[in-house]
Amino acid sequence: MTVTQVRTEPTSRGEQVGAAQSAAPTPRRRPSHRARSALVAWAFVAPVVVYLALFYAFPLIRNIELSVRDYTVRSFIDGTAPFVGIDNYLAVFRDATFGPALLNTAAFTVLSIVFQFAIGLALAVFFFRRFPLSATLRALFLVPWLLPLLVSASTWSWMLNSESGVVNAFLEAVGAGQINWLTSPQFSLISVLIANIWIGVPFNLVILYSGLQSIPEEVYEAASLDGANGWQKFWRITFPLLRPVAAITLLLGLVYTLKVFDIIWIMTRGGPAESSTTFAIWSYRLGFGSTLPDFSPAAAVGNLLIVLAFVFGLLYIRMQRRLDPS
Amino acid sequence: MNISTRARLAGVLALGVVATGSLSACSTPSDGESANSEYTFWDPYPQYDETSEWAKVIDACAEEAGVTISRTAFDTSDLTSKALLAGQQGNSPDILLIDNPVISTLAEAGLLTTAEENGLDVSEIEENLISAGQTDGDTFGVPIGANTLALYYNPEVLEAAGVDIAEVTDWESLTAALEKVVAAGKSGITFSGIGTEEGSFQFLPWYWGSGAELTDLASEEALSALTLWTDWVNKGLAPNSVIGNTQTTSWEEFLTGEFAFAENGTWQKASAAEQGFEVIPIPAADGGAAPAPTGGEFLSIPVQSDDARYEASAQIISCLTSTDNLVETDNSLNYIAPTAAAQQEQLDADPTLAPWVDAVGSAQGRTGDDLGTDYPIISEQLWTAVQNALTGAQSPADALADAQTQAEEGLE
Numbered sequence: 001m002t003v004t005q006v007r008t009e010p011t012s013r014g015e016q017v018g019a020a021q022s023a024a025p026t027p028r029r030r031p032s033h034r035a036r037s038a039l040v041a042w043a044f045v046a047p048v049v050v051y052l053a054l055f056y057a058f059p060l061i062r063n064i065e066l067s068v069r070d071y072t073v074r075s076f077i078d079g080t081a082p083f084v085g086i087d088n089y090l091a092v093f094r095d096a097t098f099g100p101a102l103l104n105t106a107a108f109t110v111l112s113i114v115f116q117f118a119i120g121l122a123l124a125v126f127f128f129r130r131f132p133l134s135a136t137l138r139a140l141f142l143v144p145w146l147l148p149l150l151v152s153a154s155t156w157s158w159m160l161n162s163e164s165g166v167v168n169a170f171l172e173a174v175g176a177g178q179i180n181w182l183t184s185p186q187f188s189l190i191s192v193l194i195a196n197i198w199i200g201v202p203f204n205l206v207i208l209y210s211g212l213q214s215i216p217e218e219v220y221e222a223a224s225l226d227g228a229n230g231w232q233k234f235w236r237i238t239f240p241l242l243r244p245v246a247a248i249t250l251l252l253g254l255v256y257t258l259k260v261f262d263i264i265w266i267m268t269r270g271g272p273a274e275s276s277t278t279f280a281i282w283s284y285r286l287g288f289g290s291t292l293p294d295f296s297p298a299a300a301v302g303n304l305l306i307v308l309a310f311v312f313g314l315l316y317i318r319m320q321r322r323l324d325p326s
Numbered sequence: 001m002n003i004s005t006r007a008r009l010a011g012v013l014a015l016g017v018v019a020t021g022s023l024s025a026c027s028t029p030s031d032g033e034s035a036n037s038e039y040t041f042w043d044p045y046p047q048y049d050e051t052s053e054w055a056k057v058i059d060a061c062a063e064e065a066g067v068t069i070s071r072t073a074f075d076t077s078d079l080t081s082k083a084l085l086a087g088q089q090g091n092s093p094d095i096l097l098i099d100n101p102v103i104s105t106l107a108e109a110g111l112l113t114t115a116e117e118n119g120l121d122v123s124e125i126e127e128n129l130i131s132a133g134q135t136d137g138d139t140f141g142v143p144i145g146a147n148t149l150a151l152y153y154n155p156e157v158l159e160a161a162g163v164d165i166a167e168v169t170d171w172e173s174l175t176a177a178l179e180k181v182v183a184a185g186k187s188g189i190t191f192s193g194i195g196t197e198e199g200s201f202q203f204l205p206w207y208w209g210s211g212a213e214l215t216d217l218a219s220e221e222a223l224s225a226l227t228l229w230t231d232w233v234n235k236g237l238a239p240n241s242v243i244g245n246t247q248t249t250s251w252e253e254f255l256t257g258e259f260a261f262a263e264n265g266t267w268q269k270a271s272a273a274e275q276g277f278e279v280i281p282i283p284a285a286d287g288g289a290a291p292a293p294t295g296g297e298f299l300s301i302p303v304q305s306d307d308a309r310y311e312a313s314a315q316i317i318s319c320l321t322s323t324d325n326l327v328e329t330d331n332s333l334n335y336i337a338p339t340a341a342a343q344q345e346q347l348d349a350d351p352t353l354a355p356w357v358d359a360v361g362s363a364q365g366r367t368g369d370d371l372g373t374d375y376p377i378i379s380e381q382l383w384t385a386v387q388n389a390l391t392g393a394q395s396p397a398d399a400l401a402d403a404q405t406q407a408e409e410g411l412e
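Line by line, the protein sequences give chains A and B.
Those letters in the first sequence? Residues 1 to 326, by our numbering.
Those letters in the second sequence? Residues 1 to 412, by our numbering.
Just so you know, the hints here were simulated from the structure itself, not pulled from any lab data.
Keep in mind that this is a model prediction, so the values were computed, not measured.
All C-beta atoms in this analysis are idealised placements derived from N, C-alpha and C, irrespective of residue type, glycine included.
Honestly, I wouldn't trust all of these hints.
[To be verified] Which stretches of chain A does chain B cover? Using the computed rule of at least three CB atoms under 8 Å from a CB of chain B, they are:
1. 100–109
2. 158–165
3. 287–297
Using the sequences plus the hints, can you model the full thing?
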């Protein structure tokens, strides 16, 4: 109801404004004119504010609310879930899955980013020296990025199948014997890591490549005149000048990797025996993995992920401030 | 001047859009309350569009009840959360067709009406099949059809290995047959031991076939069942891939023709017939058919604010579960009908269904025995134990002991 009033008011005022302006505006009206322009400013901001509130603030607050109450399927429907404070978080910390999930999440994220970044940077530098077919080859490297995750993950789980996968067929052909990539607790995390690195390389390649293009050519020329070799040029020029781009690439990579779900779910379901369960997988399993959803702990795990990403976001902002003295 | 006027106009318009948007959002539910002859129907059959027989049967039944139907098909895994959310927002569909283990969850949430409230006649349905929809003596839905698991075999592989299928009657003779097949250079058995509900579903015939009960995961009988599976994998009688197999990937393995046996469901019988595969009931530990879990969906009537709507909904459901419609629907879904009369009609038309009618007859509901919403908690521990034992992360005995402890904690 209040919304309707807001709507009718500016309309009528708008008409007044139009009328007042077509006539000669008198100086006395200035203050109200300023108030009106403030109102107009708010009207412009309103869609963004409403959008943010509806699609960002509300889900976030709802998720926090879910995690500090004890929701069962019944209380989820009738809204009578009792407030339990941080009990759900404590239960999550005490859960036998917490330790392995934390380790898996850390290993998965760190190793993914390190390899994606290193390979992406190496490829970016490689393709930066333009040579025949370099554009075509660079485009081909984007394929993993263009494929739907469902397709890539299914293809990887085919290739890594214990009995009929092409990877094991090759290993057996060279006499290395069968590795249970997806079905042994020792290898499942490595398998999903390999797939995730493969998917993440093009993203790093593209951003770092565009970063390279912004480094002025003269710097390299000057270095050549001073007799710097290729290695020195990379470590003394390319790497330091690439730092701002590298920072944002790493941050985006981190946020993407923390929340990776599809690849792991399709390839291993977080198993076997929780050996590839990350926080994202755990949260999903709690909330939707069985026919009896456990919303409150699922939301708690999800919030932990958000906090993690947020902490690294703050780190990034601090780092950027230090890099940029102005 | 011109610009600022235009800008103001745009701002005003933007506000107007937001205001009308939120207003109409507020008014929708009250529109839906008024007497409305359009009934909503949700099912997990996205493979059937509006031109399919299934959609036509629903429309015909709605017409008989004097209403129109608006049907929405969801992916099975999506439907549970959709149904819960809709319940929370007070806009549940009039009729909900949903996987049978979910019925107890939705009933627990207070979202479903009992047969007593909605006036549905459930007397015709076979007792073991409707048990999945019953809690504390209340019935929350009727099965549209049932499927279950059995043991498919490849006669060519068995013949080449010199195995007589008639001798496979219990676990010991089955393991002996697997050993013979593997010795002859073929693969033994494939199943799905994945770490989801599907894995529990596949393990249950062996679990129940050992005499174990879901209320005690750490029993001797339970141990014997898990040891059977673990030994198969360790001795190479079952491939390592069973740990990650879904029922579909397991079936794909069987289709290669390399395997002697595959545990799979009623829904593969057409594919099996095409390949010349045959089927026997899953043997219990000491012979006889093991009880397999029932699969298939239940028709239910979610709670509405206007309880006058139940009458037409119940009428539509009775029509959908009349013998003629059941036979037609279940034939196209590869299901066995849930009533004796409809089963007889299916058998008359296709006598090869006999082993399946028997299997469904001895099957039992997962959420039956008054387990209800305890089942999902127990089942999660069961599939975890299976995964831990098959991968060698734990011995079967430790895996089951842990599972029992965790299940007890979860049920507190």
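Query raised in the report: Within the assertion that chain B covers the segment 100–109 of chain A, do at least three residues meet a Cβ-to-Cβ distance smaller than 8 Å?
Result: Three-residue rule not met by the segment 100–109 of chain A, so violated; n is 0.
Report task. Three residues minimum, CB to CB under 8 Å: does the segment 158–165 of chain A make the cut for coverage by chain B? Let me know. Result -> Three-residue rule met by the segment 158–165 of chain A, so holds; n is 4.
Query - Coverage claim, chain B over the segment 287–297 of chain A, checked by counting residues with Cβ within 8 Å (three needed) - result: holds (count 6)
Violated hints amount to a single one, hint 1; each of the other numbered hints is respected by the structure.
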